[in-house]
Amino acid sequence: MSPKDPVSTCPECDTVPAPHTQRAYTRRDMLRLCSAGFGSLAFSALLAQEARGAQGERAPVSGGRSPLSARQPHFTPRAKRVIFLFMHGGPSQVDTFDPKPRLDRENGQVADLKHPVGISDPKGKIMKCPWEFQQYGESGIPVSSLFPETAKCVDDLCIIRSMHTEGQSHGQAVMKLHTGQDALVRPSIGSWVLYGLGTENDNLPGFITISPSLDHGGVQNYGAAFLPAVYQGTALGYGGLPTSKAQFSYAKSPHASAAVQRRQLDLLQDLNRETLERLEVESQVEGIIESYELAFRMQMHAPKLVDISSESKVTLDLYGIGTQPTDDFGRQCLLARRCAEAGVRFIQVSHSYSRAVWDQHGNLKGGHEKNAREVDKPIAGLLKDLKARGLLEDTLVVWGGEFGRTPSAQGKDGRDHNPKGFTMWLAGAGVKPGFIYGATDEYGYWAVENKVHMHDLHATILHLLGLDHEKLTYRYDGRDFRLTDVYGTVVNEILT
Amino acid sequence: MFQGKRRAQVFSKAALGAGCALLVVGGLAAYSATAAPGGSLSTSSPNPTPEAIEFFEKKVRPVLAEQCFGCHSEQKPQGGLNLRTRAALLQGGALGPALVPGDPEKSLLIRAVRYHDHLKMPPKGKLPETQIRDLEAWVKMGAVWPSERMKDEGGRKNSAGPVHPQKAEVHWSFRPVGMPGVPPVKNRWWVKNPVDAFVLAELEKKGLKPNSYADRPTLIRRVTFDLTGLPPTPEEIAAFVNDRSPDAWEKVVDRLLASPQYGERWGRHWLDVVRYADSNGMDENEVFPHAWRYRDYVIRAFNEDKPYNLFLKEQLAGDLMPAASVEQRYERLTATGMLVMGPKVLAERDKPKLTMDVVDEQIDTVSKAFMGLTVSCARCHDHKFDPIATKEYYALAGIFKSTTTLFGDRGNVNVSGWMERPLAEPEVVVARKKFDGEVKKLQDRIKKCKEAEEKQRLEKELEALEAQAPPAPPMAMAVQDGTVADVPVHIRGSHLTLGEVVPRGFPVVLTAGSRAELPKTSSGRLELAEWIASERHPLTARVLVNRVWQGHFGRGLVATPNDFGTRGERPTHPELLDYLASSFVAGVRGRGAGARGQVTIAPTVSPERKGVGGNGGTGAQIAAAGSDLRGSSYALRNKHYAGGSPYALRDTHYAMGWSIKALHRLILTSAAYRMSSAHTPASYQADPENRLLWRMNRRRLEAEAIRDAMLAASGDLDPTPGEAVFQKYGTVSKYDPKLFEGRKRSIYLPVVRTVGFDMFQIFDAPDAHVTAGKRDVTTVAPQALFMMNSPLVLQQAQKLAERLLAEPAAGERERVERAYLLTLGRAPSTSEAERVLQYLDSHDVREGKAPEALRREAWQSFCQTLFATADFRYVY
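Taken in sequence, the protein lines are chains A and B. Throughout the first sequence, residue numbering follows my numbering, covering 8 to 503 in sequence. Throughout the second sequence, residue numbering follows my numbering, covering 354 to 1229 in sequence.
Quick caveat, the hints were computed from the structure, so don't treat them as lab data. Since this is a predicted model, take the numbers as computed values, not measurements. Incorrect hints may have been included.
Stated by the list, open to error - Facing chain B, from chain A, some residues (calculated, C-beta under 10 Å): (1) Gln116; (2) Asp119; (3) His177; (4) Asp189; (5) Val226; (6) Pro249; (7) Ala253; (8) Phe255; (9) Thr282; (10) Val292; (11) Ile295; (12) Ser319; (13) Lys320; (14) Val321; (15) Lys458; (16) Arg482.
To be verified - Pairwise CB distance ranges, derived in the manner of DEER restraints: (17) B:Val679 <-> A:Glu287: 44 to 50 Å; (18) B:Pro1161 <-> A:Pro261: 28 to 34 Å; (19) A:Ser256 <-> B:Ala676: 43 to 49 Å; (20) A:Ser256 <-> B:Tyr1037: 34 to 40 Å; (21) B:Gly433 <-> A:Lys130: 56 to 62 Å.
The C-beta atom is built at its ideal place from N, Cα and C for all residues, glycine as well.
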């Protein structure tokens, strides 16, 4: 920075204090101001003063508070945040966490199976799992050889084998998973969570989705729909872009230095304050002034979130960063941990590379093996790292795809979509570790025992966050909407 | 008795099952132990055992009362099913008997609560397993139900009470539009036209005073953005500020209404309402290469001031309307694109479901856009709040199901295509089809050909053929009538559980009981369109008038523009709304007037009132002015009202003949519109939300206007109309910034669902998957980041700086003033100018750069700052 630069910056974080505070502030004040960085619960800024227009509803929070301010949940939460590991395309349950010996016995036989509507190959023969299952940990839960590393964490997993949902096509099922609706545009679960709880860190977005899929609903899957736009997810990169290149949009200043931009911002804020004086009372202009201060701070903090150079070699190795094929997904998982540490409320990681990678209609063996190798170590790394840092206690990790796959073959060696019975697992805050819940039939096709619908999973996730899914509503078009529509039951049996 | 007989029969059948059932049902030990000895026979007799009754009363009735009676009672039998009596259960609903005593497997009631099939009850969530087991046990025991004497005391309080049609008549928006007289006011000198009298009357009731007029630079900026979405030029500002003629304001309004930019502005508002997009969104984001023709149709319709009733009809049923010319036929086909461009789950493999989803999307859009009604709720159940029954929904659904919207596939049998129709005569279509076939044949031959010489010859042949290609017919997204059929009620919205067939028709509450017979040979869309576009329809005009009002005041008289139902907001000025609505639909316009963009506002004054009051000539003068189609054709000279007596106004009504421009003019020439938005403490205290309109609302510009205003200020805006945005079919999945780089007005940028222009998303442009009656106004950090760091803003700032530096100016201060005029439409205050000059100066102190480069940099930075100010994105 030029010695002539009249602006002082904080020695700790380069943050330049807001101009209206600059003149009178002491060094001590400045330190206090600057320390409100990562993970801070301090709320100095109003991210947004917003006037909800859509249908004339009032903003959920009034009285000058930011709609993103942390809010009291409905009851004591078990989890403060969620990391959702999305396996786009639909991993096969019978090849991962739901072993079915009957498939081995009847391999290659024509089976008289009841198929869901719209299956491509209803005459497909039974196809056994090409991998071996082995029991792991104290719980003795079986995991296939696709996930040898995750298997080592099996005592932390709460495996739901009886998931079912709607949507025979990806788009429907992916949207159902993210928004609870398969045919209409509805807010994403992350938006609902942010709306319900606010954020823990006002210097970062409260809902971050890392390398989101572009297909099958794309932005809708982290969109706010009719909720105020402040609740929409912020994308860090996108599916197909190497995670090492992922950045927040427009967070990079074109200016030579922060001081140059600060000087411009000082001019702007002086002009805005004159406007405010002229208008006398105008919360919108106050909001604009604050939005620039927050943007300036975000610009400082966001790059740090993404910069993993301070992570130790041990940590990088834990996630498989620097080695193939785990580097990319490893980075996603590590970023997820950094977001969790920074107080981001809802974090999504997507294994998709812009398409449904787990969608093995053919070559199940090759495809699933490649996918599993990419994600297995990073997932295990994330679980271990969270645990070591004590974060697993108040972070809920969710793993799964939009649906599972058929036990019968499609074509020679693939499996078709199966929304009627599949596996997802949870780990961390508030869920029973080393636990299996629910079951599919003998073929692993239809969920039959203790069925858990996607709405039930949503209700349970909200419950763990201290939110009652029936009370978390938003009035739109004259109706109170919920993530779970008119459905959903909390799966109490899996809670600790 | 009939019922008794029926019961007896069933009971005897049930008797066999009941005994064994008791043995297998777990969790019932206490009851089975006592009930069994009494014999299974006794439960089937008219005198069931006390134990069985107790079981029913303790375990079954409370569940039914709590979970089922709300929707399945005699007053409100959803799906035709009443669960309040055993007889009714046995009789069942649209799906047949709900109960087979003794056989839970065959009892629909049990299947529904098990949640195994499509029918899942109760809909809000599966019952606890214990309750399901109790119900099963009860059915197995023979479904004991105590005598009718004990008929559910518990149930009554649970029935929330459906909305009865007679109740609906009470709701304001379903009543016929009235023709209220203009109210008397105390401060009559403030009143410029009847609009003001309505506004002032309400203010005076509360002892409030309207704000004084805004200054002229503020006014011209306000009205220019309102009507064109662009800022006024410094020259336009100067002309208005210096115009001392009494109709200076009217001249500005008329100029703007006649400008082609008007249609680009108000067309965009309409595109929000009809969820216009250039791609499908949802799961398969297929682009719509022909959607733009509908967009241009809308812009034209606004610019030509197409009567709104005609505009509406063309969009709903243009394909079924007679046409006076080929061009008109194409125009009307294009208009029906509105029905086709909704988002569809194209890869839905259950095609009957997809068809009904498309129908639902159309009903949702049409009912909200034209009638401000949320009808879609009734797809699954009678509307909870508005008097729309499921049957009525399916009466409408029949109309849309009889219309073809989906067509073919997108090269993958699982992915459906949509209807497009050629805007060309059959010969052209046939010729092109033949040509395409020949090309294909040749290409195939070339592909197969192995001999080099022969291949060359064929390639030449192909070249020659392509050189003579007949023109490809222009295409438009459009519907056509398909197989005409009535649709059965889909119980709980599922096409797998069908109920009774409903004849096609319109919601009863809005038809005043009269039921139109729809033709057997066509879908009924034309009749639907005519019904909605009728001047007697209680909602159509009110909804449109409200949208226009909202466009000028930032908030509608009804704050929920897409919901005029019982859950929507009530109007702040109901009489004004009706006054405008009745004036809007009255009268018929001459054909020529509409086409030339000229409008008559002819107030009709009752003859006996003529000459009454202090300004007797008013009525006649206005009528004369209104009939003058040559010059300022929206002429309604406000000066006549300036000194007008309220008696002269009282019976003044306008006959706008569905002219939106006439409506604009009436609103814009009111005093209410010209009020300043200044903060007035006393009024603010009394009415902080400004519901009564004591001031003009301050409004944030929409995303499109913010972009266009930057381009206009920098001189970079290309004012020519846009064209097609996608040349070819295909899907878009990735955000592509190149799509949004054009320099034309924002309305011509592609509207890509899911991956739309990020600037627009940041500034609250609607999602385009659903109709948007009103946009959000958020103030969030990403907006600030966009203004600080985006290439678009930096580039426009650079261009504006170049423009300013290239223009001759007396000095830097004058240059700063010019920059203010171009961006904010006003001169800077002294302190602002000084602050800016100081900023520009301070740049020079930095080392290592040529002074000229530094100056450019400083100016660019200052211009960016202007774009980033609150003033730039607000109109006051």
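Do the hints match the structure? See the list:
1. Gln116: Check failed: Cβ of glutamine 116 of chain A comes no nearer than 26 Å to chain B, outside 10 Å.
2. Asp119: Violated, because the Cβ-Cβ distance from aspartate 119 of chain A to chain B comes to roughly 19 Å (cut-off 10 Å).
3. His177: 6 Å, holds
4. Asp189: 7 Å, holds
5. Val226: This hint holds: valine 226 of chain A lies near chain B, its Cβ roughly 5 Å from the closest one there, short of 10 Å.
6. Pro249: At about 14 Å, which exceeds the 10 Å cut-off, the nearest Cβ of chain B leaves the hint on proline 249 of chain A violated.
7. Ala253: For alanine 253 of chain A, the interface hint is violated, since the closest Cβ of chain B sits about 13 Å away, which is over 10 Å.
8. Phe255: 8 Å, holds
9. Thr282: Holds, because the Cβ-Cβ distance from threonine 282 of chain A to chain B comes to roughly 5 Å (cut-off 10 Å).
10. Val292: 4 Å, holds
11. Ile295: 5 Å, holds
12. Ser319: With Cβ-Cβ at 31 Å, over 10 Å, it is violated.
13. Lys320: 34 Å, violated
14. Val321: 35 Å, violated
15. Lys458: 8 Å, holds
16. Arg482: 8 Å, holds
17. B:Val679 <-> A:Glu287: 44 to 50 Å: 60 Å, violated
18. B:Pro1161 <-> A:Pro261: 28 to 34 Å: Once the Cβ atoms are compared, 30 Å apart, the range 28 to 34 Å for proline 261 of chain A and proline 1161 of chain B holds.
19. A:Ser256 <-> B:Ala676: 43 to 49 Å: 48 Å, holds
20. A:Ser256 <-> B:Tyr1037: 34 to 40 Å: With Cβ atoms ~38 Å apart, the hint holds.
21. B:Gly433 <-> A:Lys130: 56 to 62 Å: The hinted range 56 to 62 Å is violated for glycine 433 of chain B and lysine 130 of chain A, with Cβ atoms some 39 Å apart.
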